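Asks: So the chains spell out like this:
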Amino acid sequence: MSIGADINPHAPRPGNAVVSRLACALVQPILSRVVRKIAARHPSLFARLGPHQRTDFLIDPVELPFALHLQPDPQALIFRAVPRDAAPPAGATIRGRFMLLLELVDSEEDGDAAFFSRDLEVSGDTEAVVRLRNALDDVDGSIAEETAGMFGPVGRAILARLRRAYPNHSEGPDPR
Amino acid sequence: MSLAELICPSGTPAALRTAVDAGADAVYCGFQDATNARNFPGLNFTPDELEASVAYAHAKGTKVLLALNTYPPAGKVDLWRQAADTGARLGVDAFIVADMGVAHYIARTYPAVRLHLSVQAAASSPEAIRYYCENFGIKRVVLPRILTIPEIRQIRKEIPCEIETFIFGNHGLMVEGRCSLTNYLTGQSTNMDGVCSPASDVEYTRQADGSMSSQLAGFTIDCFGPDEKAGYPTICKGRYTAPHRPDGYYAFEEPISLNLSRLLPDLIDAGVHAFKIEGRQRSKSYVRGVVSAFRAAIDDIRAGRQANIANLVALTEGQKQTQGAFETKKWR
Ligand code: SF4
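Chains W and F supply the protein sequences, listed in that same order. Offset between the first sequence (1-based) and this note's numbering: plus 23. Offset between the second sequence (1-based) and this note's numbering: plus 185.
Think of the hints as simulated: they come from the structure by calculation, not from any bench. Keep in mind that a hint or two might mislead.
Chain W side only, calculated, beta carbon under 8 Å to chain F, not exhaustive [what the hints assert, rightly or not]:
id, residue
1, 76
2, 77
3, 79
4, 134
5, 135
6, 138
7, 150
8, 153
9, 154
10, 157
11, 158
12, 162
13, 165
14, 169
15, 171
All of these numbers come straight from a predicted model, not from anything done at the bench. We treat Cβ as the ideally placed atom computed from N, Cα and C, and that holds for glycine.
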């Protein structure tokens, strides 16, 4: 996995079609469980999404062999790994390095700052992205920690390891 | 020495709690409608959320200021009156207002609640500020970002109310409350609908060479090279071509943020009572970083120590900062 992956959508992506499909099949049960639990724990999240509960978001962590398709409809929640060559037409796309995306979800990083620095790229319906960002930002605590916690000590160890692997992106602004 | 209160942005209940916990003396927020100047999708408070947030803030000794700082269009003043009624019922500590009708309604209906004059009122002379104080009982004026520190010091001597100035954040360059650039392109008004460059009219497009263009209502307002830092899609920060500048240039202002951390001691000495951090549209991460940095700096100054100001440039627009007119009128 290359930590310095290019966020250019035309840059070559890791994994061929077979690897990508295999990876999707492997992570899908985890994603389904995670998204159901998070949605159950944070129901207020959906109100801030307003009309964009039905929007198809494509979240593209550039160094992973797949992208993530999210439709945050509380009645029919979709969160699945998709090979990039089979991704559905997206209403909005959010692209960046995996750890940055994770830290944005947890508000460890500031989305506007990541946009200014060009580490984060958005396209499609900007209002949908702004609503999703604001909905996630109103969640207390860490969704990453919650997710890791669902898988016990192993989950927490993986998260800690991921954070160590991305030293530059786990630091918030230095407060002093 | 002035009290040097720290006034912090809260776009969501979680951001409000973050600001309170990071040491805000007061937080400012708004409802999910056109009554405030950050009427962004998915942002702001329902009345129930504000009620719980007021309780949280008050339990920790932090004040809550409610922004009702837009201008009601003709015939639509009821929305602003209802917002004031709700705010008063929920026990907010002050209203931040710009419109005289809104100020008059609150002054007559809720005389016990403080009124602050929003930057959106663009009151920058002692005469204008005194007028608001005398007629509406304004207790504090938020000064437009067009005055030097000597000018602020002089105004302080000539007005009967407190002064609040911005110290960090987005730096629009037009006279506040009077900018119609967004209205011109999108039909939505910053000053009446509460949103500059509404997200529904913004689109970003990556070009094949890695550059990114930002469009507002179909008009390209900037194109950032592959390695260039980006800014907000506001017209005042757009880059335009003109017959004498065929390559494109920032006609009004470049993407940049205000950062007055180095001027804090001078501002306190000039009699500024309160310092405002811009950014209700920003994340908890921004709120945590900026509020704790300024909390520590103000505490240092109050204790007679040299303030050790954090490096906040990573959070600035275009990753550039300025002291704007506070430092010199030659700015831009
Ligand atoms: S265009 Fe610029 S100056 Fe005008 S309202 Fe928007 S941010 Fe402010």
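Asks: Compare the structure with each hint and give your call.
Replies: Evaluated hints:
no., hint, in the structure
1, 76, "violated (11 Å)"
2, 77, "violated (15 Å)"
3, 79, "violated (17 Å)"
4, 134, "holds (6 Å)"
5, 135, "holds (6 Å)"
6, 138, "holds (6 Å)"
7, 150, "holds (4 Å)"
8, 153, "holds (4 Å)"
9, 154, "holds (4 Å)"
10, 157, "holds (3 Å)"
11, 158, "holds (6 Å)"
12, 162, "holds (7 Å)"
13, 165, "violated (11 Å)"
14, 169, "violated (15 Å)"
15, 171, "violated (19 Å)"
The structure fails hints 1, 2, 3, 13, 14 and 15 (numbered hints given earlier, in ascending order).
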